[in-house]
Amino acid sequence: GAVVSQHPSWVICKSGTSVKIECRSLDFQATTMFWYRQFPKQSLMLMATSNEGSKATYEQGVEKDKFLINHASLTLSTLTVTSAHPEDSSFYICSARDRRDTEAFFGQGTRLTVV
Amino acid sequence: AQKVTQAQTEISVVEKEDVTLDCVYETRDTTYYLFWYKQPPSGELVFLIRRNSFDEQNEISGRYSWNFQKSTSSFNFTITASQVVDSAVYFCALAAGNKLTFGGGTRVLVKP
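In order, the protein sequences belong to chains A and B. All letters in the first sequence, in the order written, are residues 51 to 165 by the working numbering. All letters in the second sequence, in the order written, are residues -19 to 92 by the working numbering.
Keep in mind that the hints were calculated from the coordinates and are not lab data. As the structure is a prediction and not an experimental result, all values here were calculated from the model. The reader is advised that the hints may include incorrect statements.
[Said to hold, decoys possible] Covered stretches of chain B, going by a simulated chain A footprint (3 or more residues, C-beta under 8 Å):
1) -8 to 0
2) 72 to 83
[What the hints assert, rightly or not] Ranges between beta-carbon positions, derived for each pair:
3) Arg161(A) - Ile29(B): 21 to 29 Å
4) Asp9(B) - Cys63(A): 33 to 41 Å
5) Arg8(B) - Asp115(A): 20 to 28 Å
6) Gly66(A) - Glu(-10)(B): 33 to 41 Å
We treat Cβ as the ideally placed atom computed from N, Cα and C, and that holds for glycine.
Based on the sequences and whatever the hints tell you, model everything.
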């Protein structure tokens, strides 16, 4: 299947700093990318959907100024957690889909710990 | 709106027992896709199966089998002769329109 690479796989940062997470589709053009958040022992909750070249669509309750999403190319989307706080500590997973398929391929996830 | 319900939050079995995971979904779309994913402790999501709304054929892949019943909006997953390596969280998901919605997940613990 298609490969989606997410980096970093884990990151520890200080409260108040910003963290950028990258999501790359390695062997296909990802016209749509999704960002999910997963708290311990909970399900994946969709944060936002981004289409290449346009602004991301955020789910209700997700602060767009805090979770900045950029999908500037067909192979790369980034999620920046700005002014991170301990409550932002979570597992973040991206997925990517091209226009020819309904299946979305997932990255390996990023475990963010804010101390 | 679409919704996926996995009623079982945790199932514990002894190795070699069969285990069935329930999944019930809701959607107004007539065209949709259903998925099952496995999430081991390492966190990555492992794709297991995709089924479209027009294909109600049941499927078997090794020790895994799936039962899709549109009449009851269910897409259940059975692991036959479970093994310790099957211990993980399993998610059922529904793709309709541009959105993929996950169920709450079922944690499966297979004891030796």
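Structure-based check of each hint:
1. Only when three residues or more bring their CB closer than 8 Å to a CB of chain A does the claim for the region -8 to 0 of chain B stand; here the count is 0, and the claim is violated.
2. Against chain A, the region 72 to 83 of chain B contributes 7 residues with a C-beta closer than 8 Å to a partner C-beta. That satisfies the three-residue criterion, and the hint holds.
3. In this structure the supplied range 21 to 29 Å holds for arginine 161(A) paired with isoleucine 29(B), their Cβ-Cβ distance being about 27 Å.
4. Look at aspartate 9(B) against cysteine 63(A): about 40 Å separates their beta carbons, and that is inside 33 to 41 Å.
5. Between arginine 8(B) and aspartate 115(A) the beta carbons are some 32 Å apart, a value that contradicts the proposed interval 20 to 28 Å.
6. Between glycine 66(A) and glutamate -10(B) the CB atoms are about 37 Å apart, so this pair conforms to the stated range of 33 to 41 Å.
When held up to the earlier numbered hints, the structure conflicts with 1 and 5 and fits the remainder.
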